[in-house]
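**Q** Given next are the chains, with one letter for each unit.
Number of protein chains: 2
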Amino acid sequence: MVMILKVLCLFFSFFLFLCSEYCIVEVHGRILSITSKPDPDDASATARWLVSLNSWGVLNTISNDLGGAPFGNVVSFSDGLPNEGIGIPYFYLTTLDPTARNALQDERASLTVGEYALGTCGQKDPENPTCSKITLTGKLKMLDEKSSNEGKFARNALFSKHPEMKGWPKGHNFQVFKLEIEDIFLIDWYGGPKPLTVEQYLQQKM
Amino acid sequence: MVMILKVLCLFFSFFLFLCSEYCIVEVHGRILSITSKPDPDDASATARWLVSLNSWGVLNTISNDLGGAPFGNVVSFSDGLPNEGIGIPYFYLTTLDPTARNALQDERASLTVGEYALGTCGQKDPENPTCSKITLTGKLKMLDEKSSNEGKFARNALFSKHPEMKGWPKGHNFQVFKLEIEDIFLIDWYGGPKPLTVEQYLQQKM
Chain A
1 MVMILKVLCL FFSFFLFLCS EYCIVEVHGR ILSITSKPDP DDASATARWL
51 VSLNSWGVLN TISNDLGGAP FGNVVSFSDG LPNEGIGIPY FYLTTLDPTA
101 RNALQDERAS LTVGEYALGT CGQKDPENPT CSKITLTGKL KMLDEKSSNE
151 GKFARNALFS KHPEMKGWPK GHNFQVFKLE IEDIFLIDWY GGPKPLTVEQ
201 YLQQKM
Chain B
1 MVMILKVLCL FFSFFLFLCS EYCIVEVHGR ILSITSKPDP DDASATARWL
51 VSLNSWGVLN TISNDLGGAP FGNVVSFSDG LPNEGIGIPY FYLTTLDPTA
101 RNALQDERAS LTVGEYALGT CGQKDPENPT CSKITLTGKL KMLDEKSSNE
151 GKFARNALFS KHPEMKGWPK GHNFQVFKLE IEDIFLIDWY GGPKPLTVEQ
201 YLQQKM
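Listed in order, the protein sequences are those of chains A and B. For the first sequence, the tail end lands on 206 under full-length UniProt numbering, and the numbers increase by one without skipping. For the second sequence, the tail end lands on 206 under full-length UniProt numbering, and the numbers increase by one without skipping.
With the rest of the complex left out, here is chain A:
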């Protein structure tokens, strides 16, 4: 019985592969229509593609509770309405969780996302350099989501991609945060990180 199911899975995986060739990708039960992966030579387009298409990543802060260790945490994020990303990642965090508490003590942070999570790396190993990955390093700052325009934008960006957030407990006091990007580390091919300035990244048209 299990063997038959394995064969069926392989068969259907092949069809999903065909689907992805037509710019549709199945990500854990959600069907996303995506623009094609940019050419690896186009660093800014690849970087923005990675950030706009991923809905989650690992947000890293400095943990005073753990002797100043770098502490990564799985979080959801959004850089804008679907297909209208601006490249700046926004988060919905509560100080019940260490990441927000860490950031309020020390703003230094990074967000790491990988192409592997999108399901577009085929049979490549997750650490294969042609399976692209990006780390945005900067400062993690709380926004005023009611009085600032950016706060309102961030809230809409988050709730449009993560509708579940609207129903998260009011008593947990979730707040909108942004990562102010200061450095970009992008690997999308052999030969080491691609040179990419924050300005080039933010100015990239999508």
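Hints in this document: simulated from the structure, not taken from any laboratory. Honestly, I wouldn't trust all of these hints.
Intra- or inter-copy, both count: the list cannot distinguish identical chains.
Claimed, not checked - The calculated lysine-lysine pairs, modelled on DSS-like cross-linking and capped at a C-alpha distance of 27 Å, are:
id, residue 1, residue 2
1, K37, K194
2, K194, K170
3, K124, K166
4, K170, K124
5, K124, K152
6, K205, K37
7, K194, K166
8, K124, K37
9, K194, K146
10, K37, K170
11, K170, K205
Let chain A serve as the given structure and place chain B on it in line with the hints.
**A** Same frame as chain A, now just chain B:
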């Protein structure tokens, strides 16, 4: 044409869902047979399940080049031969990459992995606490893969789950590293992190 493919994708996704109900999950083209997800009340079993089934995560180090910022990087890892994980994550890193260079200057590190990457969270948001996630914090240390028994074990653990590594360029001088775990942060349900000691985690039978 695209519409037809979308319908086909939905159809096949449904079959993949059926497959996963029978403890087989399709992870980006690889078929893994998995044990069922442990009960969330069983913190040590859930933690070991997360670490043994994930093949990649985000490894965080302190970046002196970036003003001491926490720097996350997508990496492959392994905690043992398939279905024989021991809970300690091993990595295959080169000092051409900042993560290994950072660790040789400052061993403080963490590895973060999430259930979302396994495709077993269904329609839950990646930040939903019932979609489990773990961060192992400790010291990232280079092993001697030729003369130490642990180094040889780590090499076999890595190459069995990541066969592509065997062919990575000799000139890049990849080395085996381990994370010596000192603290465990596990979220697998509502109500905050689960209390879990390193001893409980390592002693868990799989």
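**Q** Should K194 paired with K146 be assigned to within, between, both, or neither, using CA atoms and 27 Å as the limit?
**A** neither (38 Å within a copy, 33 Å between copies)
**Q** Should K37 paired with K170 be assigned to within, between, both, or neither, using CA atoms and 27 Å as the limit?
**A** Classified as neither; 38 Å inside a copy, 30 Å across copies.
**Q** Can you give me the call for K124 and K152, within, between, both or neither, at a CA distance of at most 27 Å?
**A** between (39 Å within a copy, 24 Å between copies)
**Q** Are the CA atoms of K37 and K194 at most 27 Å apart within a copy, between copies, both, or neither?
**A** within (16 Å within a copy, 39 Å between copies)
**Q** Pop the pair K194 and K170 into one bin, within, between, both or neither, using alpha-carbon distances up to 27 Å.
**A** Answer is between: at 22 Å across copies they meet the 27 Å cutoff, but 42 Å inside does not.
**Q** First find the shortest C-alpha distance between K124 and K166 inside one copy, then the shortest across copies, and answer within, between, both or neither for a cut-off of 27 Å.
**A** So K124 and K166 pass the 27 Å test across copies only (13 Å; inside, 37 Å).
**Q** Indicate which option fits the pair K124, K37 if close means a Cα-Cα distance not exceeding 27 Å: within, between, both or neither.
**A** The answer is both: 15 Å in one copy and 26 Å across copies each meet 27 Å.
**Q** Could you place K205 and K37 in one of the four classes (within, between, both, neither) given a Cα distance threshold of 27 Å?
**A** Result: close within a single copy only, 14 Å intra versus 42 Å inter.
**Q** Using 27 Å as the alpha-carbon threshold, which applies to K194 and K166: within, between, both, or neither?
**A** Between copies only: 25 Å across, 37 Å inside.
**Q** Cα distance capped at 27 Å. Does K170 pair with K124 within a copy, between copies, both, or neither?
**A** between (42 Å within a copy, 19 Å between copies)
**Q** Indicate which option fits the pair K170, K205 if close means a Cα-Cα distance not exceeding 27 Å: within, between, both or neither.
**A** neither (36 Å within a copy, 39 Å between copies)
Violated hints for the displayed structure, listed by number in ascending order: 9, 10, 11.
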